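Using the sequences and the hints given, assemble the complete structure.
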Amino acid sequence: MADHSQHHIVPKSTYYLIFTALMLGTGLTWWIATIDLGAMNNVIMLSIAVTKATLVILFFMHVKYSPKLTGTVIIGAVFWLLIMLVMTMNDYFTRDWLHFG
Amino acid sequence: MSSSTVAMPPTHYLNNGLTLKSWLFTKDHKRIALLYLVAVTFFFMVGAAFAVAIRLELATPAGDLLSDENYNRVFTMHGVMMVFFFLIPAVPAILGNFLIPLQIGAKDLAFPKLNLLSFYIYFVGSLFTMYSIVSGGLDTGWTFYTPFSTVASTSAVVPAALGIFINGFSGILTGLNFIVTIHKMRAPGMTWFRLPLFVWAHYATSLIQVLGTPVLAITIVLVAAERIFGFGLFNPAVGGDPVLFQHLFWFYSHPAVYIMILPAMGIISELVAASARKQVFGYTFVAFASIGIAVIGFLVWGHHMFVSGESVYAALVFSVLSFIVAVPSAVKVFNWIATMYRGSVSWETPMFYVAGFIGLFAIGGLTGLFLASMGLDVHLTDTYFIVAHFHYVMVGGTIMGYLGGIHFWWPKITGRMYNDLLGRVSAVVIFVGFNLTFFPQFVVGYLGMPRRYHAYPEEFQVLNVLSSAGASVLAVGYLMPLFYLAYSLKYGEIAGDNPFGAVGLEWNTTSPPPTENFKTTPVVTWEAYEYPTPVEGHVV
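Protein sequences appear in the order of chains A and B. Under the numbering used here, the residue at position 39 of the first sequence is numbered 39, and the numbers go up by one with no gaps. Under the numbering used here, the residue at position 362 of the second sequence is numbered 362, and the numbers go up by one with no gaps.
It should be emphasised that the hints constitute simulated quantities derived from the structure, not laboratory data.
Here are some chain A residues the structure puts well away from chain B; computed CB gaps all over 12 angstroms:
#	residue
1	His8
2	Lys12
3	Ser13
4	Leu17
5	Ala21
6	Leu22
7	Thr29
8	Trp31
9	Ile32
10	Ile35
11	Asp36
12	Asn42
13	Ile44
14	Leu46
15	Leu58
16	Ser66
BS3-like cross-link-like pairs, simulated, lysine-lysine; straight-line CA separation at most 27 angstroms:
#	chain 1	residue 1	chain 2	residue 2
17	A	Lys12	A	Lys68
18	A	Lys52	A	Lys68
19	B	Lys184	A	Lys68
20	B	Lys184	A	Lys64
21	B	Lys184	B	Lys27
22	B	Lys519	B	Lys107
Far from chain A, some chain B residues (derived; all Cβ distances over 10 angstroms):
#	residue
23	Leu66
24	Lys113
25	His379
26	Ala475
27	Thr521
Keep in mind the model is a prediction, meaning the values are calculated, not measured. Glycine included, C-beta positions come from ideal geometry on N, C-alpha and C.
Structural data, given as C-alpha cells:
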C-alpha cells in the first residue's frame with residue numbers, strides 16, 4: 001500500500017516525553033482527589049483523563065503521523081461516544097423538566 | 001433459467017483441499033462462510049429447541065410443563081442463542097463473507113487470517129454461553145437487566161456474559177474486515193455507486209458493529225464487575241443506577257436490530273432486481289437509506305425506556321427520532337415495490353422469500369411506529385405486542401431475507417440447484433406459519449398478556465394455542481430447506497454459472513467459484529443492475 005512509504009519513525013525521546021506527561025497526569029489526578037473542590041473535582045480529573053487519552057492516541061497510536069483518513073475515523077469514533085454521552089445526559093439533566101398528570 | 005456452463009468446473013474452492021485441516025485452517029472467505037453456515041445453523045437449532053419448550057408451555061394456561069424458574073431460563077437462552085449467535089452473525093458472517101469479495105471483484109477479504117480468527121472467536125464465545133446452559137442456565141432475559149442480573153439472579157450470569165463479550169469481538173473484527181475490504185479492494189471500475197446494494201448494506205452494518213459493539217462489551221464487563229466485586233455501578237442499594245445500564249445496553253442493542261435487518265435488506269435489493277430484471281428504482285436513495293438507518297438507528301435507543309424512569313423530555317426526543325428512522329426503511333420498501341412495477345418478475349423461490357420479507361417487515365415496521373408513540377407504548381410495554389413486533393422485524397424480516405439469499409446464491413455456493421417447487425412451498429409454509437404464530441401475539445398483547453410469564457388467564461388460551469400451532473407449521477417450514485438443500489448437494493442439477501440470469505460480478509465466475517474467485521481481475525465498465533443484459537460481455 002502507498003502508506004508504507006510514508007511510515008514515520010518516532011524518536012524514542014518523544015515516547016519518553018509522552019510517558020512522563022502521562023505519569024505526571026496520573027500524579028496530578030491523585031493530588032486533585034485529595035483536595036475538596038466540590039463538583040470541580042470530577043471536571044478537572046476528567047479533563048486530565050481526556051488529555052492523557054489524546055496524547056496516547058496522537059503519539060502512541062501514531063495518529064499524528066497517519067493519513068487524514070485515520071484521523072477522520074478517530075474523530076468519528078469520538079463523535080459516536082459523544083452521541084452516547086449527550087443523549088444519556090439528555091435524560092439525566094431533564095428529569096425535572098416536564099411532568100404530566 | 002439460463003446457464004453459460006452446464007458442467008461443474010474441474011477445480012473450485014470446494015475441492016481445493018479435502019482434508020479436515022484444509023477446512024478448519026482455511027483462509028478462503030468462501031470456506032470460512034461455510035464454517036459459519038454450519039455453526040450458525042447449529043445455534044439456530046439450539047435456539048429453536050428452546051422456542052419449542054416455550055410454545056409447549058404456553059399451550060395451556062397453567063404452568064404445567066416448566067416451573068417458573070425454568071421457564072425464565074428457557075426464554076432467556078432462546079433469546080441469547082437467537083440474538084447473539086444466530087440473528088446477528090447470520091447474514092454478514094455467511095453471505096457477507098462469501099459474497100462481498102466476489103461482488104467487488106476481489107480475491108478475498110482484506111484480512112483473511114483475521115477472518116478465520118473472527119470465526120474462532122465466535123466459536124469460543126459460543127462455548128462459554130453453551131456452558132452457561134449446562135451450569136445452571138441463565139434467567140435474566142437476553143437483556144441482562146440490572147440489578148437483577150448483578151445482585152439477585154442465582155443463575156450462570158458470568159459465563160453467559162463472558163461468552164457474549166468474547167463473541168462481540170468476532171462481530172467487530174468482521175465489520176472492520178468488511179470496511180477495509182470495501183474501501184481498498186474494489187476491482188478497477190467498481191466505483192462506490194456501482195457497488196451492489198448488498199455491499200452498501202454491509203458497509204452500513206459494519207459501521208454499527210465497529211461503533212456499537214464495544215459499548216455492549218464494556219457494559220457486560222461492568223455487569224460482571226458488579227456481580228463479582230460488588231461495585232456500585234447499577235445497583236441502587238450501593239449508589240448505582242439501573243437506568244444507566246439500560247442506556248448503555250440499548251445504545252448497542254437497538255442498533256443491533258439494524259445489524260440483523262440491514263444485511264437482509266441488502267439481500268432483498270439484489271433479489272428484487274434479479275427477479276424483476278430491472279435496475280433498482282432509486283439506487284442512490286436505497287444506498288444512502290442504509291447509511292441513514294445506521295446513523296439514525298444510533299439515536300433512538302431511549303424508546304426502550306419510556307417506562308423505566310427516563311425523563312419525559314428525553315422520551316419525547318427519542319420518540320420523534322424513532323419516527324424518523326422509519327423513513328429510510330420506508331424508502332427501501334417503496335423502492336423495491338417501484339422496482340417490481342412493470343418489471344418482468346419471475347416467481348422462482350427467491351422472489352417468494354422477497355414477498356414474504358416485504359409482508360412481514362411492513363407489519364413489523366409499522367407496529368414499531370405504534371411503540372414509538374409514548375402513550376401507546378406505556379400500555380404495550382412488556383406485553384406480547386412487543387414480542388410480536390420484534391419477531392416480525394428480527395425473525396420475519398431477517399430470516400426471510402437470509403433464506404431468500406441462501407436460495408438465490410445456493411447455486412453459486414454449491415454449484416447445484418435445489419428443487420424450486422419445494423423452495424416455493426417452504427417460503428409459503430414459513431409465511432403462513434409465521435403469521436399464525438405471531439399475529440395472535442399482537443392481539444393477546446394488546447389485551448394485556450404480559451411477556452415472560454409461564455402461566456396466564458384462561459381467556460388468552462385460544463390465541464396462545466393458535467400461536468403454538470403456528471410454531472409447529474413454522475418449524476416445518478424451517479426444516480424443509482434443511483432437507484432439500486442438503487439433498488441438492490449430491491443429487492441437485494448442475495446449476496451453471498448464472499442460473500438466474502442475474503447481473504453482478506459474482507455471476508461472472510464459475511459456480512462454485514475458484515479459490516481465487518476470478519481467473520483474471522475483472523474490470524467493471526457497467527452500472528449496477530444493468531439489466532436487461534444479464535450474462536454476456538461484462539468482464540473484460
